[in-house]
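Each protein sequence line maps, in turn, to chains A and B.
For the first sequence, the working numbering assigns the number 2 to the initial residue and increments by one for each residue that follows.
For the second sequence, the working numbering assigns the number 19 to the initial residue and increments by one for each residue that follows.
No wet-lab data here; the hints were simulated from the structure.
There could be a bad hint or two in this list.
[What the hints assert, rightly or not] Negatives, chain A to chain B, calculated, CB over 12 angstroms:
1) 152
2) 157
3) 177
4) 179
[Claimed, not checked] Covered stretches of chain A (chain B as the covering partner; in silico rule of three or more C-beta atoms under 8 angstroms from a C-beta of chain B):
5) 26-37
6) 239-250
[To be verified] Below, a list of computed lysine-lysine pairs in the PhoX-like style, where the Cα atoms sit at most 25 angstroms apart:
7) B:104 with A:249
8) A:218 with B:205
9) B:601 with B:281
10) B:246 with A:46
11) B:339 with A:218
12) B:104 with A:42
13) A:229 with B:246
14) A:172 with A:183
15) B:485 with B:450
16) A:8 with B:81
17) B:339 with B:601
18) A:211 with B:102
19) A:218 with B:227
20) B:669 with B:691
21) B:204 with B:246
22) B:198 with A:42
23) B:246 with A:8
Think of the CB as a built atom: it goes at the ideal place given N, C-alpha and C, for glycine as much as any other residue.
If you want the building blocks of each chain, they are given just below.
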Amino acid sequence: MRKYAIKNPFTIDDVKKWLGCSREAGTVVWINSQFFQAMVKTIQKSVLKKEYIAIIGTYKDIENIAYDTVTSVHMEMKQKAKELNFENIYAFIGYVKKTIPFRIKDHIKKILNDTSNTNSLESINDDENTSTMDIPDETSIDKQQEVNDIQKIADDCLNDFENSNQLQSTKGLLNRLRLLRKISGDRGAIGVIAFLLVNEGLTDFRENAKKINQYDKDVWSSYNRRLKNSLGNFFETQRGRKHFLNLKEFYYE
Amino acid sequence: MNKIDEFDNNFDTDEVELLYINDRPVWGPDIYDLETVVEFRNNAIEKINSLINGGALIIPFAKNAERSVLIFLNILTGKLLDLKYKVHYDQFLCYPYLNKPLPEINIWRIHHAPRYKNLNIMMENWIKPGSIAILTGLDELFDKDLLKIPFNIFSEFSIPNVQFDQEIENALMSVLNEIKENNITKKAHHVVCLCDGWGVPLPFDLLSKILDQDPDTLSPVIERAYQKEILFWIEPDRPPSLLVSNVSEAYALQYLKFLSKEKLISLNDYISIFEVIDCKIQDERYTALKLIQSWLVNTKIRYSISSEKFCITQIKEFILKNWNLLKKIAFSGNSIEHLVWSQCLAQVNMFNYSYEILESGLNNDPKNIFLNQYKAHLLALWCRVNPAKIKNAHTAFAEATNICKNNIWLWQARGDFEAKSGNRMGAETCFKKALEIDPKNIHTLAARADMNLDYGLLDRAELDLKKADIIDSQNMYIKHLKGRLFFYQGKWHDAEQEWEKMLISNKQHPFALQSLGNMARERGLWDQAQVYLNKALTFDPENIAVLLEIGVLKRKWGQFELDMGNVQKAKEFFSSSFKILQKAKMLEPENPKVIVEISSLDRLLGNIETAIERLEKILLVWPNNIHARHLLALCFADQGLYIEMETQFKKILSNNKKNILVYYSLARINIIKNNISRAKEYLRQADRIEQSLNLPIPKKINTLIEKNRILKLMNKNEEL
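Just chain B, with the same shape it has in the complex (with noise of 0.2 angstroms):
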């Protein structure tokens, strides 16, 4: 016996045993030494005492940390159970969606958070003084912003390292090398790749019948696999399941990468697992909810494995080719999973889809609280789409904030809706009801003061975001509205240094991002929004109010380089806003500013008949948007068609008299028709309607933009 068989000899574990960590294999260094970690646990306990009025711990980690960060997590559980903590585990490797722990439990473990849909509305209705969640997810996936509970970052396992992805790629070249004689371990390693990479260990009986394989024959072949550290068992007790991994997701997903590096990789791959599927077995059922969840939320990696061909409208088309047998899976399940899959629907814009299952969800369980909330949650995403929807929005929320009266989330949910759909005394009433439960609630009070921004009412705004201020200076919600209060108030320096403040937090936030692309553009300057909008793009590839800032960017730089004479240049510019706008069309085909901004751009293109049909079709279902019905009256008017335009223009005038925009669009027409009295009549009128508002400096900016150059206009005639 050599000198490391008497060492290996001296452990009861063998290395396979220890590649394994709560349950499932997880590859990485280590990479903190113990001490290091025992003071980690000590500031985390600090965090978590810290959070008095309840909250969460968030830890978000690198490919790299994933083994580092559980060793970490159950040393942190072991401490806080010998300090009476009452700790729940979530089994992350079975359960595809979060279940409420039991009364007595004030921690709530929950590893990779941000995979599951339901953890906002999880949160918030279980989060109150005392109780505590930790939080750990891949860096690149916590969507932290989108939290709405208090909570403390630890960031100590955030550290990406680019050497793991050499050692990664040296093991599966190594893997590869080893299985390229055997065809069965081949196709079953590949098949485990293809889930593993999203998170998704395979049930063994679903494998065997992917690979048109006898269990019986295929299990021998796993475990020499299994042997070899090729494959890997995983047997949870809770539920039951026999599952197989890679020796970790960072492997499998390199797997994937190496694999799209020859041909991409698409959903035509998932589309002979999920023929398969029986939607009677649990195991099955949860695996083809995990994946679609995890699809949903990897948007970085669906793009790096795919490039566009693994985007939000091919899940959506998917969905709808295989939608009996994935009605069927959600029907099969339990109240939770009907949520989730509704939840999934919805983000998918099949809200008809998702409403039947929820619908469907509370047929079986009216009393759920968790399917109650989310029917308002949902009606008020549909009405963006859909107006007609709004009625039953209104009775959805006033239904669920019936049965869950003091949920906080709900009722600031509730006057988010109202203030949408134009009830600013509704939303008042409502956001007044969740500050009553809790009046220090910064999301509240920021609720309050976006919508107060929404409607110009600058200095109500600015009351709640001192209110705020005071509370919590370091809130990205309140740094973000403070930012747009300075920049509605013509303060650009300030405007830039806040949302400057939040990159330093989080260099890929969206919302600073798209507001310093924003104001860049208010400005005239180009070059800065452009850079501002493409880096929020290349986070996140599918958000789409990005993609429209991206749109209406290009077409009014090419208006500008046109003004200035350049042709070529603005063709260059609109071709290029078009292609953005087209994806954006992709992505939510019946978004009612996606459309009006194409149409923008089919006027200035000459192809105004295709505008004016998207715009009439647009009317019809939103008769209320005044963008599109001011661009169908200048359509109608470039046309010639003078009654027509009037017509419309008559429309926005009987609902907001104050419509300055309409007002110079008459004047610049009247001009044109050599009409100039009654152009100076409608200026005039657009001088007494701005002196009575108090519009934000943009707006105004704006409006004497359009002032000057009718004007401008005026004289040129009059000259002539």
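One chain only, chain A, in its complex shape (with noise of 0.2 angstroms):
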């Protein structure tokens, strides 16, 4: 039994009684479908993804902006109604999912440009195309040498972590960073933290865990979550902060 009522597929022709003046088929298309919420979740994760250290201290403002920007591009559909003619939901949603990452790259770009967090935002600047976000890897760095700088940093973060109270009194979650670090393969070390914080390579971690049958789905859900808790718990004591600033500052050089 469904629990809880919450997404409703709409039809081609809610979207065009919308896009005709009808505020009940908007509600159709926007709200009880939850493509508003949808199209907002969306575009944090994509930011968030790009964004996965930096972002930490600016994380609310893009959520918001995330909610003004879809906001406004329903309603400036709404204005330009004549000129949209869509041929199917898929056309439909295509075109929000398209238009909106570039909205927001000029709303953050516009917001952020008087914040401290200018190196946020020249890093969204940086690429133009903002729906197919990943972290860096070694073709978007210049040198190998600064690739090895970072791994290193990231090295020694998760060696200290390693040995930190909070993970050498709970045995599983030291196991699960064991396990993590062996197999995040080419990643290295940064692609085990960049995983933790935000989930970045998600699916080969996985795919990883179960090729050495270390795979059990809510073992591995749950773990992971208590191990990113306890990575940030790390980087609030005085040495993990060390280690925070240190990755921070390497990833806007």
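Make the complex out of the two chains shown on their own, each in a separate frame, by following the hints.
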């Protein structure tokens, strides 16, 4: 039995009625279907992935900007309804999905311009296609040496984390961290941190765990959540903070 | 792949993710379409812009509208960021207190604002021209009238929906059915609901300790429950936490209501949670403080799930019983935790404990402006039950106003305190200081008018109320005081109109209901008084002023019935008055007004010795309490101890020679003693005093009634 009725499909007729000025149809398309929320979450996810370290601190701003952007796109579509003629709902969803990343890029550029976190803005501007953001890998960093350096910093960080009190007292989490480091492959230590913070490389990690028979769905997800929380708490300690700042500084260079 | 699956694949998110707004699942209907929300957003921005001198935009919401209000809030915030405002978000899931934002912030968004005990003190210190707070909170908890800063209300989300209760009930039954065979999930669901019903998601590690389960074993169980939408993970970044919640607070509360049908919820249900809290772990310390804060603010919820088994008295007992642990928790926290613990303890009248925590906070952080300010507020509160603290309160206010020279609210609070301590001139000076900072501060004008009404200086009060009325004619404080002024002037109809107007804006306004009840009683409209006061009590079952007013009403109504010869009816009223006063005594055992009122009833019921014992005790603490001393004198007279009686009356007159009621009582006693000429002399003295005083009309009427009774008694005696 479905406990919480939430997503309801809408049809292209609903979209057409909405563009033809029916508020009721607008509710069906944007609200009852959770399309509005889904778009907001999509933006959050894509921005979060790109900015997995830099974003801490401005994350909430991005979330609210996402809400406002989806609202504006909704209003603008209504205003230019005559120009829009969608064949099916996939065309409609595709249009919204394509429009929003560009809009949010402009929006964030405008809004974050005055904040202290301008590095975050720069990295968004550098990337034209914000809808397919990934963490930087070897191809986006000029020198191999830099890659090695960030891996070294991330490695030191995870070594210290592994030896911290909070992890030494929890056997399950200690083993989980060791497992993640083992299966991180080319992603290395920085890949483990990115995976824990924003689920980056989720599929790779999961598949690698399956390969060595270390994947149980519930254990896998819940241990990772707990480990993420432990890492967050480690970053709040004096020692962890130092590592966090090193990672952040390197990332911006 | 069927059509719905294809449709779903076009979204990048799953259903569980969509339940989350601002980091936690919030389940409920979306009550408005997007275009309406955009209109609301624009209206809200207009309201924000109209608060040019700073203030708050209050957004009360019904429990079914929380999801909608959060979406609206995010859209509004996105636009405000677009308009170049600097917005600060309070992390409502984790922190049990409000912390002042950075100086560049000009919009402070606080969700569930009424839950924070330090809301008022933060607002009073933060609001200035250009700073706006956006405060949301459940409608029934928002005591908007206690907020002293200027505000606008945005009430589009406060319309309740009964249908939603049924939807929650269905979801609850579905979950309970699903977990009935799974013992650990069932227990986890129960414990999480016990806390989330108060808006407190549980830290995962604490949950595993409460359930006595290894975290490594428990976490996959919670994960399975999460996949099935039974329990939910909450993972805020700041401070980093891993919490477990239900699909919404409204759901958890529904579960508590469901449980209470079989067995009422009491504080015993929470002992196992507090027992395992480790004060060194921030998350766990916060859980304790959040629970206690939420209990204190949610009076109505407490009564709805536990009848009388979860009232302030029980919370106080619970704190006392667990004091060693709670003290450690409070002492381990930062300065603001100290402040909030101190505020909570003061609310349950544990003033010495509250003071101890505050002092500890001040030892660690002597210059903290909030702790210094609250020290003065706390001592002023403490003075209500312990006059020995008056001197300390004077000093604390002097120190606090010295540190925060331009805090208008502090000067005003100092004025209030001086006025209540009988130092009217001192109070005038403080109010003057406050008005020098902001001549148009409506609350200071109201506070000064209030003082002048208390002192019977009606002309002065009227002057301030006129000034305040020009500034904001809709202000509830001013409406209430205007009603009081009319009442004192004997303009019953005008007073009633003012207070009824307040009820149109807020049907549960405690001041309005209490004042209407009081006026109806003074006019002998017993039934009407009862209706108003019962209504006030339904909305706030622990309002001590209302309980006292009902106690007085029942006693006076009983006396009236007794005069009419209806002995049985009178007995019933006295017994009902006694019951309600006992409840008041349980809530505030040291409140002198409650003790005097109980003693008055004791005297009527013939328990003179008990009354004398109580009154002598209270007079040791409060030697200047005229009501207690007058009543004690009458008790002595009842026992024929006239010398003791005269001693008490003389003590009253040595402080205030113009106390008319003493002369009337002396006259009455002398008639009984058949000393008519002396009685007449006392009556003449009372007349002279009455002519020299400008008494408010209700008091004048009461003195006339008393005089009339005495004259009747005198005639009767003379005839005999």
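Evaluation of the provided hints:
no., hint, verdict
1, 152, "holds (24 angstroms)"
2, 157, "holds (20 angstroms)"
3, 177, "violated (9 angstroms)"
4, 179, "holds (15 angstroms)"
5, 26-37, "holds (count 8)"
6, 239-250, "violated (count 0)"
7, B:104 with A:249, "holds (24 angstroms)"
8, A:218 with B:205, "holds (22 angstroms)"
9, B:601 with B:281, "holds (23 angstroms)"
10, B:246 with A:46, "holds (23 angstroms)"
11, B:339 with A:218, "violated (44 angstroms)"
12, B:104 with A:42, "holds (23 angstroms)"
13, A:229 with B:246, "holds (22 angstroms)"
14, A:172 with A:183, "holds (17 angstroms)"
15, B:485 with B:450, "holds (15 angstroms)"
16, A:8 with B:81, "holds (21 angstroms)"
17, B:339 with B:601, "holds (21 angstroms)"
18, A:211 with B:102, "violated (48 angstroms)"
19, A:218 with B:227, "holds (24 angstroms)"
20, B:669 with B:691, "holds (21 angstroms)"
21, B:204 with B:246, "holds (13 angstroms)"
22, B:198 with A:42, "violated (34 angstroms)"
23, B:246 with A:8, "holds (16 angstroms)"
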